[in-house]
Amino acid sequence: DSGVTQTPKHLITATGQRVTLRCSPRSGDLSVYWYQQSLDQGLQFLIQYYNGEERAKGNILERFSAQQFPDLHSELNLSSLELGDSALYFCASSVKGLAGRSSYNEQFFGPGTRLTVL
Amino acid sequence: EDKVVQSPLSLVVHEGDTVTLNCSYEVTNFRSLLWYKQEKKAPTFLFMLTSSGIEKKSGRLSSILDKKELFSILNITATQTGDSAVYLCALNYGGSQGNLIFGKGTKLSVKP
Chain A
1 DSGVTQTPKH LITATGQRVT LRCSPRSGDL SVYWYQQSLD QGLQFLIQYY NGEERAKGNI
61 LERFSAQQFP DLHSELNLSS LELGDSALYF CASSVKGLAG RSSYNEQFFG PGTRLTVL
Chain B
1 EDKVVQSPLS LVVHEGDTVT LNCSYEVTNF RSLLWYKQEK KAPTFLFMLT SSGIEKKSGR
61 LSSILDKKEL FSILNITATQ TGDSAVYLCA LNYGGSQGNL IFGKGTKLSV KP
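Here the protein sequences line up with chains A and B, keeping their order. Each residue of the first sequence is one higher than the last, beginning at 1 in the working numbering. Each residue of the second sequence is one higher than the last, beginning at 1 in the working numbering.
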């Protein structure tokens with residue numbers, strides 16, 4: 001158990017719908033990262049938040065958005081869902097995330113949310 | 001373009017064998033290389049490497065980085081069926097702190 005929690009575990013929805021995935025980082029971790037894992041693309045970095053602020057963007061579609069709240073939990077919002085959005089969505093957390101002296105970046109992954117769009 | 005290439009994509013061995021998994025990369029502003037093991041669920045952290053030539057070891061697993069030739073290897077000795085998993089290599093690169101770019105992984109199957 002990494003200490004990162006994600007809800008829900010499974011989500012089945014229809015095309016065109018909107019869903020929200022939730023993540024609680026490990027206690028003390030300030031950075032939250034979202035990843036998408038599909039069979040053909042592997043693990044893809046979507047977006048990072050550090051202490052409530054967006055820090056980095058990866059391959060995140062405009063239909064997707066995220067935020068990190070004052071209690072450091074994060075939500076990933078996926079809208080206008082398409083069949084191709086079906087994937088496993090992971091959240092990860094780490095202590096650091098700002099430019100600094102250390103390049104340390106061990107990330108701890110949550111169990112993931114499996115999204116199926118029908 | 002930043003990229004991470006792992007080889008082989010898939011590997012089948014028998015218990016007791018030793019395996020070497022490869023990860024080569026092209027990335028600007030290298031910060032660190034990480035290895036993860038992914039079984040059915042989330043990736044779990046194995047090693048983080050930042051310096052060339054310094055072996056990291058944990059039980060039967062070890063890893064080393066060559067920043068001149070831009071690759072890393074992950075060795076598993078005396079493999080067990082519990083080692084069956086996908087092993088992911090990831091690069092922490094510059095541009096934004098915390099970004100990881102992942103390889104496609106090596107799927108290791110250890111037969112009894």
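Derived by calculation from the structure, the hints in this document are not laboratory data. A hint or two may mislead.
[Stated by the list, open to error] Using C-beta positions, here's what the derived DEER-type ranges look like:
#1 Lys57/A / Glu26/B: 32 to 42 angstroms
#2 Asn29/B / Gly52/A: 43 to 53 angstroms
#3 Ser79/A / Lys57/B: 31 to 41 angstroms
#4 Thr77/B / Gln17/A: 46 to 56 angstroms
#5 Thr5/A / Ser84/B: 39 to 49 angstroms
#6 Val13/B / Thr5/A: 33 to 43 angstroms
#7 Thr20/A / Glu39/B: 22 to 32 angstroms
#8 Gly59/B / Pro70/A: 15 to 25 angstroms
The beta carbon of each residue, even a glycine, is placed where N, CA and C say it ideally should be.
Against which earlier hints does the structure fall short, listed by number upward? 1, 2, 3, 5 and 8
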